[in-house]
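Turn these sequences into a full structure, and let the hints guide you.
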Amino acid sequence: MKSAFTVFWKEIRENLRDRRTVLNTLLTGPLFAPLVFALVINAAVTRQLDKAEKPLEVPVVGAEHAPNLIDALKQQNVVVKDAPADPERAVREQEADLVLRIPGDYGDAWRKGEPAQVELIYDASQRDAQGSVTRLQRALEGYGQRTGALRLLARGIAPDLIRPLVVASRDQSTAQNRSGTLFGMLPYFFILGGFIGGMALAIDTTAGERERQSLEPLFANPVARGSLLAGKLGATSAFAFVTVVLSIVAFSIVGHFLPTEKLGMSLELGLRFGALTLFVMLPLVFLLATLQTLAAAFAKSFREAQTYLSLLMFVPVIPTMLLSVFPVKVQTWMYAVPVMGQQVAITRFLRGDLVTPSQLGLCFAATAAAALVVYLITARIYESERLAISG
Amino acid sequence: MIEVSNLHKSFGKVKAVDGVSFAARDGEITGLLGPNGAGKTTTLRMLYTLMTPDQGTVRVDGIDAASDPLAVRRRLGVLPDARGLYKRLTARENIAYFGRLQGLDESTIRARSDAAIQALEMEDIADRRTEGFSQGQRVKTAIARALVHDPKNVILDEPTNGLDVMATRAMRTFMHRLKDEGRCVLFSSHIMQEVAALCDRIVVIAHGRVVADESPAQLLAQTGKASLEDAFVEIIGSEEGLAA
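Each protein sequence line maps, in turn, to chains W and A. All the letters of the first sequence, read from the start, carry residue numbers 0 to 390 under numbering that gives the first Met the number 0. All the letters of the second sequence, read from the start, carry residue numbers 0 to 243 under numbering that gives the first Met the number 0.
No lab work stands behind these hints: they were computed from the structure. Please read all numbers here as calculations on a predicted model, not as lab measurements. Even glycine gets a Cβ: it sits at the ideal position worked out from N, Cα and C.
In silico contact screen, one side only, chain A against chain W (beta carbon under 8 Å); selected entries:
no., residue
1, Tyr47
2, Leu49
3, Thr51
4, Pro79
5, Leu84
6, Phe97
This is the structure we're talking about:
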């Protein structure tokens, strides 16, 4: 036990002296992801808000054929611009989001009371233009309906007669639910944080030590290999854990600067969220550190270990991707699957949904059990004769 | 006192060690001489319990290595073929790490480190990080680290490998000092001159087997040759893999 602590402190001290490891695991790892995430979210939110509030610029062909329609659009905060020479081409080449064309026979049809046609030229594959297209469509339909109602009234008919059905939308999502969808990727950042945080040490303490030829002298000491392994795993887990804690703290801070309330969302990023997230992440950090050490123990060199671990990094992505592609209902068994359990639980914490103590316990216990199994396998590998021999 | 009897070790079909027996006594320097690939390193690795023999026994001060490997390692100071240091730690921290793993208390570690640093004349590098150390400085640090627990038995695998003339001389002086302190010193080498100059006893290994176990004088008498070099060639049967 004492030897395990000796190994632990030596690995910690040695790796704290490696500036690159410290920067990567304690600064870049935990801070890079939330910052990028915040920037992306901020930009997306701001752009959506901009589009909703800003005057909508619409190039119009043949505006002179429908002065009343143009006036009505201007009241809806639409700015009418001169149209490009070839509207279809301009939209295809993304020089314009959309173009409105009013044909020359618009006035005749209107006066005769026939449906007057206007053309909306847009590209449905341009998601960026969707908001503008929808806004203009609504404005045009609104104008049509108002005019229709006035015509019916002029003929003494109640306009309600042609509206037999009214749909009232009742959205049951709470403000926190909506932010949960937006932040579905967040658990992955925590899990990835733990992975990146432990990576440098997992390699350094096994494959790196063998490559530097210091493993054989180390094994010549009167210390059981299990104790050496425990110390090394402890150090790897400690780095990974610090990375996770920093990720959570960074997210809690960054979350407050996100303009989520403008979208009618609220995030549960308080102390409770932090504590619960740490609780479910704790066994996962140990599981990942042990998996990394196991993979690195098989590698003959530092480089080989890096390759193995980069491949291993895709494993925690799988449940995240599955859950975002097939958004199935959360079921209790999911808490028993390491990584998926954390993913589900953290998403629910964030949405302010309830996770029962038994589900929490299941998540913790199942991941801890998996970690123990991997630890026992790694310990067996550590006992093998070939592990120490370099070259 | 290190006693080895009938050691066998194979890697797949290759018999690396094929029935090696010898004894290294306290207060003597025993040299394990043999061409490259003769099985010296594998034999030593079984002595410090890094490898388990397929057959045969190792005893250190009467303790069986198979039944109590930790006790055996406590009685051994080992400079293995692989002698990597932790380059982000200073020489002194490297020594102290092994001292703690040997279970020594901090004041003992400090006293032993000071003594070793003085004996190996490495005061100028003791508090520097070992990154960028010369080969000689690295070997000195590795030896100080291996002997921090004041072991009765010392195993050195090719200790002068890669050292320049001055460092080699210093190493030989140091080995004599270990002998004079009454320790059992066992080292391997493929350099005849070195073995001849240092050893009280020479164990010649070739093809995984002991082919001679004598004092240098006896070796000459047995082969009837005038020089040790000729004697070795006679015993081993070829000049392959030996360096003068």
